[in-house]
Amino acid sequence: MIELDQVTKIYKGEVLALYSISCKITKGEFVFLVGPSGSGKSTFLKLLNRQETADQGAVWIAGKEVGALPRSSVPKLRRLVGCIFQDFKLLPNRTVYENVAFALEVTGRSRQQVRTQVPSLLELVGLSKKTHSYPHELSGGEQQRVSIARAFVNRPPILLADEPTGNLDGDTSNGIMRLLAEINKRGTTVVMATHDQNIVNTARRRVLRLDRGRLTADEAQGRYA
Amino acid sequence: MALSLGYIFRETRGNLRWNVTLFAATIVAVWVSLTLFGSSLLIREGVEQATGRWRGGIEFIVFMNADATESQHAAIRGALDENPEIGGYDFVDQQGAYNEFITEFSDRPELIENVTPEILPPSYRVKPTVDDADVIEALAAQFDARPGVRQVTLPVEVIRTLQQNSQKVSVFVLIIAIVVLLAALMLIANTIRTAIFARRQDIEVMKLVGASNWYVRLPFMMEGTIQGVIGGALAIPMLFLMNNLMAGFVQDDYLELLRSLVVDSAVVWNTSLLVTGIGAAVGVVGSLVAVGRFLDV
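Residue numbers (our numbering), protein chains in the order written: chain A, 4 to 228; chain B, -15 to 281.
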């Protein structure tokens, strides 16, 4: 599903973000990406949906080399790879419903599809009652749920999560983790960058550890440190 | 993937609402520049029409002395017949000249009273085969010095002055129009740029969820195109107004010559369509510039 082959990424020719990373993630896996700030976690994720391209080596997603895709094919890749972020990236002037519907509309779905899929997703993330609220009226956990609904509405086989619990308290984080586990159970591969030791240590999933751009550990049922 | 028209329409409307004043200012700039541009085209058309009228029937007149001898007449006729640059001529005898005189001054009987056919010069109305003002001038000069010739008159000077001045005006207006058109294009590009900036969050999300590049671009391009088309459409009544003003202005008899600068309304319509098309083109190009430079998809 995901394969990195000796990937190196250097920003502006001098900042080494990732150095010669090789790893494979198979379909349906749940993988934590851990490491201190600046270790290259976000860059790792950005290479997977072509927000960045590798300077050396190759990134493969579902049999296609991401860096070699023509520009016009990037949108197709991004429909395979959903994303959630620490800061949610919700559109403030749109309601919960509209934020989720937006992802369907801009990928050209019919009104009928939008009308049926958005409510079922809001139900999955437990926000059926907040359909017409605006993001600023929601708690952080609720906002992250909206963003998960939006990322998952196109049913992508891969979900990238960049510190999704970074702004949330413990209980709320656990709720988000349960939701991600549920999505993973439905067959979606989840790659999650995190600082949160508790979450990693409780989940006992595969852990990829990065340190200053190098992959220093890859443990099947790893712990944070 | 089908592009949903509803979506594009909604997004474009949203963009337009976002900054009404800038939108309006851009339209006014396009409007003014396209009005100038259209006017310069109409002036050119008018000049073409005015000079064309002369060009088709350009002729010079060789006036003979009233007492020119028959051999002098024969010499002139011979010279006219021989010259390959002369297509034909009509001879107007003294009686003919008198008839013309009566027609022309029918409202001034005191003039007619004092004139008899015998004192009026007979003349040759000569039609050259060429329409170059210089050649015709040289041609006419050949007859000026011949015995029995009283005077040769030709309208070349009038045509030339008209042509030169009108062309100067037309070029001048066209240059201004192009400069203003460029300004309008840049203004459209800037308006789109600010719209792109205002919607950068939406754009980021669109890209992340995999909206196709055209889905991201089209609402902005629509906005630019709408500005261009509205500006062009607003220029249409201005063009008609100017043509009508011109028509009213040249109603006075002594501006006979300028009258041919007023063009037919069909011509104004054609120019209007062209101007609206150019407006649309300016809008498309302006927004393409902005989208290309500031929208990294």
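One or more of the hints may lead you astray.
Among the chain A residues that face chain B by a calculated CB cut under 7 Å, a handful are [to be verified]:
1) Gln9
2) Ile28
3) Pro78
4) Arg81
5) Arg82
6) Cys86
7) Asp90
8) Leu94
9) Ala106
Distance ranges between label pairs, derived from CB positions [what the hints assert, rightly or not]:
10) Lys27(A) / Asn197(B): 24 to 32 Å
11) Asn197(B) / Gly16(A): 23 to 31 Å
12) Leu166(B) / Gln115(A): 43 to 51 Å
Worth flagging that the hints you see were computed from the coordinates, not collected in a lab. In this text the structure is predicted, and so the values were computed from the model without any measurement. Glycine included, C-beta positions come from ideal geometry on N, C-alpha and C.
Going through the hints against the structure:
1. Gln9: Status violated, d = 27 Å.
2. Ile28: Violated: closest Cβ of chain B sits about 20 Å from Ile28(A), beyond 7 Å.
3. Pro78: holds, 4 Å
4. Arg81: holds, 4 Å
5. Arg82: holds, 4 Å
6. Cys86: Given a least distance of 5 Å, the restraint on Cys86(A) holds.
7. Asp90: Since the shortest Cβ distance to chain B is 11 Å, the answer is violated.
8. Leu94: holds, 6 Å
9. Ala106: holds, 4 Å
10. Lys27(A) / Asn197(B): 24 to 32 Å: holds, 31 Å
11. Asn197(B) / Gly16(A): 23 to 31 Å: Given about 28 Å between the Cβ atoms, the range holds.
12. Leu166(B) / Gln115(A): 43 to 51 Å: holds, 46 Å
In summary, the numbered hints that this structure violates are 1, 2 and 7.
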